[in-house]
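Enquirer: Take the given structure of chain A and dock chain S to it, following the hints.
Those sequence lines, one after another, are chains A and S.
Residues are numbered in my numbering as their position in the first sequence, beginning at 1, plus a constant of 324.
Residues are numbered in my numbering as their position in the second sequence, beginning at 1, plus a constant of 324.
In short, the hints are calculated from the structure, not lab data.
You can take every hint at face value.
Some but not every residue of chain S turned toward chain A, in silico, with C-beta under 8 Å: (1) Glu512; (2) Pro515; (3) Ala531; (4) Leu559; (5) Glu564; (6) Val583; (7) Arg607; (8) Gly674; (9) Gly698.
Here are the simulated DMTMM-like pairs of lysine to aspartate or glutamate, each with C-alpha atoms no more than 25 Å apart in a straight line: (10) A/Lys633 <-> S/Glu704; (11) S/Lys637 <-> A/Glu589; (12) S/Lys633 <-> A/Glu704; (13) A/Lys633 <-> S/Glu518; (14) A/Lys637 <-> S/Glu589.
Note that beta-carbon positions come from the ideal geometry of N, C-alpha and C, so glycine has one too.
Number of protein chains: 2
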Amino acid sequence: MTICGRDLIAKCDSIAKFSESSSDTTRTFLRPAMHQVHDFLGDWMRSLGMQVTIDAAGNLRGLHQTAPASARRLLIGSHLDTVPAAGAFDGVLGVVLGVAIVEALKDIHLPLDIEVIGFSEEEGVRFGVPFLGSLALIRKLDQTLLALSDRQGISVAEAIRQFGLDSNQINGATVHPPTIGYLEFHIEQGPVLEHLNRPLGVVEAIAGQSRYRTEFAGAANHAGTTPMHLRRDALAGAAEWITSVEAQARGIGGLVATVSAAHSEPQAGNVIAGVVRTSLDVRHASDEVRRHAVDEMLQQASQIANRRKLSFKADLSLDQSSVMMDLFLTSLARRACLETGCEAPVMISGAGHDAMIIAQEIPSAMIFLRSPGGLSHCPEESVLSGDVDLALAAGIHFVREFSNH
Amino acid sequence: MTICGRDLIAKCDSIAKFSESSSDTTRTFLRPAMHQVHDFLGDWMRSLGMQVTIDAAGNLRGLHQTAPASARRLLIGSHLDTVPAAGAFDGVLGVVLGVAIVEALKDIHLPLDIEVIGFSEEEGVRFGVPFLGSLALIRKLDQTLLALSDRQGISVAEAIRQFGLDSNQINGATVHPPTIGYLEFHIEQGPVLEHLNRPLGVVEAIAGQSRYRTEFAGAANHAGTTPMHLRRDALAGAAEWITSVEAQARGIGGLVATVSAAHSEPQAGNVIAGVVRTSLDVRHASDEVRRHAVDEMLQQASQIANRRKLSFKADLSLDQSSVMMDLFLTSLARRACLETGCEAPVMISGAGHDAMIIAQEIPSAMIFLRSPGGLSHCPEESVLSGDVDLALAAGIHFVREFSNH
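If we strip away everything but chain A, and leave its shape as in the complex, we get (with noise of 0.2 Å):
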C-alpha cells in the first residue's frame, strides 16, 4: 500500500483552500467553490478508472467497477460543504478515505463494485435545514425542501440549475438499487476517544435528539429598591433550572443536555431581568429515555416558575428520533478495527451525520476517528496521520470482510 494517512490529509488541505471566504473555508450547498472540490476529487476518481457524475442533488459519485456483471454495491462516503470558518477534515475526510480505500484496493479482484459518494449538503448552513444530498439518495429531497429560500431569496431547485444542474431529474438521484451497504467514516467532533486514548471508535447508534426554545418571564423592577421576597427574576428562575438541568442529565446514563444561548432583558445592571430566553437540547440513544428526561426538566421549570409567580414556556423546535446503525456492519467494523490492532470502543454518536438518513434505507456503518482536543467546526479541527493509516486500513478489511459476505 503506497498511500498513507499523511497524504490523505494533504488531500483534505488542498480542499479546504476551495472556499467561497478568502479569509476560511466556508463551503455551502452548491456555491461555486464546490465546482473545485468535484474536479480536484473527480480527477483523482478518474485516475484510478472511476466512472464520476454529479447527480441532481449535487452529490459526488464515482464509482469502482470491479466486474461488469456484479450486482451488489458497496456506498462509502460523507459530505463535501463544511461549516462557515470550518476545519478541513469534517465530512471531507470520510470521502477522501473512500477514494483511498479505492486507490488501496483497485488491483484486486473483488466480487464487489465500490460507489464512493461525497454529499452536497450535510450541514444545513445554506438553507436552514440538513442533509440535503443525503435525503436526495432514499427520496426525501422532495417539493417542500426544492422550494426552500437561502438569505438572498434563492430556491434550493435554483440552486441546483445555477450549479449546472437540472432539478427535475432528483428522482435520478437516489440510492442504486444494487447497494447493500453504507460505510461512512467520520472525525469524532468530540473527546471522548481521545479521553479513552483510542484512535478508532465504531458507532452503534445516532443519539436522538429534542430541542426547546424557553422563555421564563417575570417582573423587569429597579435592582436597589425592590427588596429579596417581593422580586419576580427571570434570571434567578432560569439559573436554578438550569443547575438542576445539569444535575438531572448527569445522573442518566449516556444522556447529554445543554442549556445555552441564554439572554436576559432589560441588559441593565440595576434592573432586575424581566425575560431569560434559553435554549434547551437533549439527546440520548433511547428515545424513551430522551422523551422522559425532556418531560421532568419542563416540569422542573414549570414548579420553579410557579413557585417564583414566574411565567415559562418552551418552545419545541426539533423532535429527531434516535437511529440505530446496522448490527452486522457495526459488528464487522469492530473487527476490521481490531485486525489493524485497535480496539474500537462501540459509542453512541452525540452528533447528527449522513449516516442516519442512509440508515433508513440501506445497512450502515460508521467509523469515528480521534479528534484531538475534542475540536470541530473551527479551523483548529485536526486528525492525527497515525489514525488516518488505522482508518484506511480498517476500510480496507472492512471492504474485504464484506465481499465475502
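Expert: Just chain S now, with coordinates in the frame of chain A:
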C-alpha cells in the same frame, strides 16, 4: 389650603408633555425641552412672588423670602430631567410639592426662607454620569465633569453654553450660605410602601452600592458529542453562582443583590456556552455589610469556577458608600407625617437621589410617596392623589416645625 394632590398631579402631567421625543417623555440634561419646564414652573413661582433664577448648572431656583433680614433658609426640591420613555412623577413631583408648600404657606409669616430647587440633572442619561445638577451645589461639578462628552461630542460646558448659560459661572451655582436644611419628596420607585399599605415613608439612609461586570469562561464544545463529565460549561457555572448569590442575599437583612444583564456566547443551541457575562449589583445601608457580602459572592464565584475548570473575573464599575440622612430632620419628617395621621415607616432607599449629594454638605431628609405597582422609569409610573395630599400636608407641618427650631 386650596391646592391639592389632584392639582399637583395635573401639573406633573403638563410637565410630562415637555419632551425631546414626540412619542414619550424623554427630557435629558439641558435639552431645549428643559426651557419649557423652567418657563412653566417659573411662571407658577413668580405668581407666588418668588424670585426665580437659573444657575450656571441649569438648576431652576425659586426663592420665597418671608423677611428681608432672615438668615436661615430651607431648600426643598428634586430633579427635572428624566430617563428615556419616562413617567411623569420621578423627580418632577418633588419640585412641584416644593412650590405647592410655598403656595400653601405664602401668606404666613415664618422665620425662614424657602428655596425650591429643580435640579437640571440626576439620571445620568446624557453624559453617563448622574447628579450633575446637585454636584454643582456642593462645588463638585468640576473641570473633569465639565469636559465629559455626550454621544454627539458635545461637552457639559458646551451644553451649558447652548442652553444660554455661562459655565464659567459654575462656582456660583452652589448652596447659598444661609441654607440649613434640605427636604426632598420622591416617589419610592419600589413596592415596599404599597406592600405595607402605607402612603408615605421616611428615608433614614441611601444604600451604598457595589457594581461589577462578571465573566465566566469555559469551552464552547459540541452539545451532542461532549459527555456531561467532560464539559466546561460557562452557563452551568454562572447558573450555580446566580442561585448562590440569591440565597446569600435572602439571608442578610436589608441586603439586595442582583445578577442581571446575562448573555452567553455562542448563541447556538447545539453548542455549550463558552462565555457568560452578567452584572452584579449589591446594596445595603451598611457599607461594611455590603462589602463583606460582595467579597463572599466573588469568592463563591471563584470556587465554583475552580471546581468546574472555568475562569472567572469581576470588574468593579461602582463602589458608592451609603449616605445617612440627618437624624434630627428625619425625626421631624416622621413627626410631620404622623401629624397628617400617617405612620410613615423608616426606610432605606435602594436608589440614589439628589439628597445623597446634598447631604454631604447640608442636613437632609427625604420623604417617599408610595409607587403603585412599584412602577417607575416607565409611562405607567403613577402616584395616588390622596398620597400627594398627605405629602403636601406633611411638608407644610415639616416647614412649620423646622422654622420653630
